[in-house]
Amino acid sequence: MNEFVEQFLIEGRELVAQGNDDLLALEEHPDDRERLDGAFRAFHTLKGAAGIVDFVAMSRALHAAEDVLSAVRSKSAPVTPGLIDLCLACLDQVSAWIDRMRSSGELPADADAAADDLVRRFATLASPDTASLAPRGPGDATTRRPADSTGVSTIERDLLEAQKLMLAEPAPEGAAAARLESASRIAANVLRHHGRSLDAADLEGPLQSSLVTGNAEAMIEAIDRILEGLAEPAPERPGTLSPQAPEATLRVDVDRIDSLVRLTGELLIAKNAIGHSAARAQGEGDPRALAVALKNQHLALDRLIGELQRSVFSLRVLPLQHAFQRFPRLVREMATALGKPARLMIEGATTEADKTIVEAIAEPLLHVLRNGLDHGLEDASERAALGKPATATIHLRAERQGEHVVIEVEDDGRGIDVARVREVARRRNAAPEAAIVAMSDEEAINLIFAPGFSTASRVTDLSGRGVGMDVVRNTIERLGGRVSLSSRRQRGTTVRFTLPFTVIMTQVLTVEAAGQVFGVPLEAVVETVRVGRSAISPVGAARAMVLRDRTLPVIDLGQALGRGARAAEGDANVLIVAVAGQLGGLEVDRLGDRLDVMLKPPEGLLAGIPGIDGTTLLGDGRVLIVLDLGEVFGNADD
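Position 60 (the sequence shown) corresponds to 60 in the numbering used here; numbering is contiguous.
Simulated from the structure, these hints should not be mistaken for lab results.
A few of these clues could be false.
[To be verified] In silico lysine-lysine, DSSO-like type, Cα no more than 30 Å apart, as pairs: (1) Lys355 - Lys600; (2) Lys271 - Lys295; (3) Lys600 - Lys388.
[Said to hold, decoys possible] Restraint ranges, calculated between C-beta atoms of paired labels, are given here: (4) Leu315 - Pro432: 29 to 37 Å; (5) Gly532 - Ala607: 38 to 46 Å; (6) Val539 - Val212: 50 to 58 Å.
All residues carry an ideal CB built from backbone N, CA and C; glycine is no exception.
Start from the sequences and build out the full structure, keeping to the hints where you can.
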């Protein structure tokens, strides 16, 4: 792949994202000239760049979109939902082509046919009378709108398939009607959205009949008929909501490169100074003067290495916009599919975080947004009855707080029904009855993080099948962060992620157990206590202690490593740690120092051992194993 193509693939992805942003904003504010010009520039630049690298099919499709946007700029054509849908579909196709080029080095064999289809549809949109002038291809054999023509049909298809799966399962008592209503509503929304290309009159009758008779099989057959009206998506045309592979390249500000060059020069000077001191040490210089010189050189070197470290880490940071940019489109399409008007407001998208954080945070946020849209937001009629605006608002915020990045998702929906949470918790034995009764509302709400917990009366493909929020929390905690949740009935819900700014550098507390030194992530350490060993009691095969009227499980790290049981007398050093939202105790032989370390993934024999988060080197050359407390406590439970 030559350098021009490589550059196009990098810039093309950015232009597609910019075009998506401008089109979505233009749909909400059709008179926004700045957004219109921005969308036009994105298509124009993409078209020119595609022509330079000889991607003729791509250039032709983009040229057709550019012509339509040019007509809007000259006020000879209006901004319509159909225009926005088609322009977004064009960007989806360009994005799929870019992915194909990156993986195989060439456009797919059907690129010309796909481009012809887009050109023809843009021509029809601009002027139905001129549609016959557009190139003809295989797509003329059908009058049905292609599945990915708007980027919504992929989601609609998934939703309908999820309804079939849901209806095929035995319904809990009293839930059958709710399931049929859910399937009917979603299918009806799809019909309305495709009213010109699907035979709505033939399909809505069976749907209503299924709802009245409660016959799930009839509903499934009706949904199958709708699915037949949606063409299968081509493999080369994944929707914009597909998971994106981590980028192998980073664009770096030239000032950061200059900073590295400067620091490299200063390090060379420091190295030469140490060499001079070494030569003096071989002679008969004054030992005191030599010691002072070495100390000063060590301080200078320490300062330079600290600056170099910060500069290198700055190369890895990305704005959270890289993760956020697909969410406005997602909210738009999900809201359309569910029939719930909603808009997404993003604040702090320029906040920077480590590349690993930015790439990993997309899926947890995706689940939270889907869950909020599906179960958290009311439909328009319910909102009107509550005196709320018909269009719901979801806020996605990000900000840097010290060495952490805080991300919040807040909606103005119905909030979490705490009584319902307690009821489900009892039914699923998520906690002892006495504990559930004693919990405050804030504590009870956090029961939704229990594995498999769901208060939803219906299941859809949007928010999953009740196995989600525990996975969200586990993902965030693997990144060294934590999740919190707050909710007010009829006011809305806020999910808050607190994440480290970087996952490469971390702070650990060193501890000794069974003659070995280990690192415990300082983020997980709540406090350290010293208690009599008699205060740690056996509970079945496990051990526990009481701290301030709270019973905590205790793991002896040395015993977990294979050492025999300790003597019962004496005192115990116990780290109180937070793991998966719960407190626990980790008994060790000695407490050590706090260290800033750069973690390396476990390699070789260590890679297959559970409970290891990474390794680093201590000042004396020994390997420090940093523990994964989630696995340590999880293995103890097993």
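Here's how the hints hold up against the structure:
As the CA atoms of Lys355 and Lys600 are separated by approximately 16 Å, the hinted pair is consistent with the 30 Å bound. This hinted pair checks out: Lys271 and Lys295 have alpha carbons roughly 14 Å apart, not beyond 30 Å. A hinted pair counts as satisfied when its Cα atoms are at most 30 Å apart, and Lys600 with Lys388 does not qualify at roughly 51 Å. The hinted range of 29 to 37 Å is not satisfied by Leu315 and Pro432, whose Cβ atoms lie roughly 50 Å apart.
The hint said 38 to 46 Å for the Cβ distance between Gly532 and Ala607, and at roughly 39 Å that hint holds. Taking 50 to 58 Å as the suggested C-beta distance range, the pair Val539 and Val212 conforms, at roughly 56 Å.
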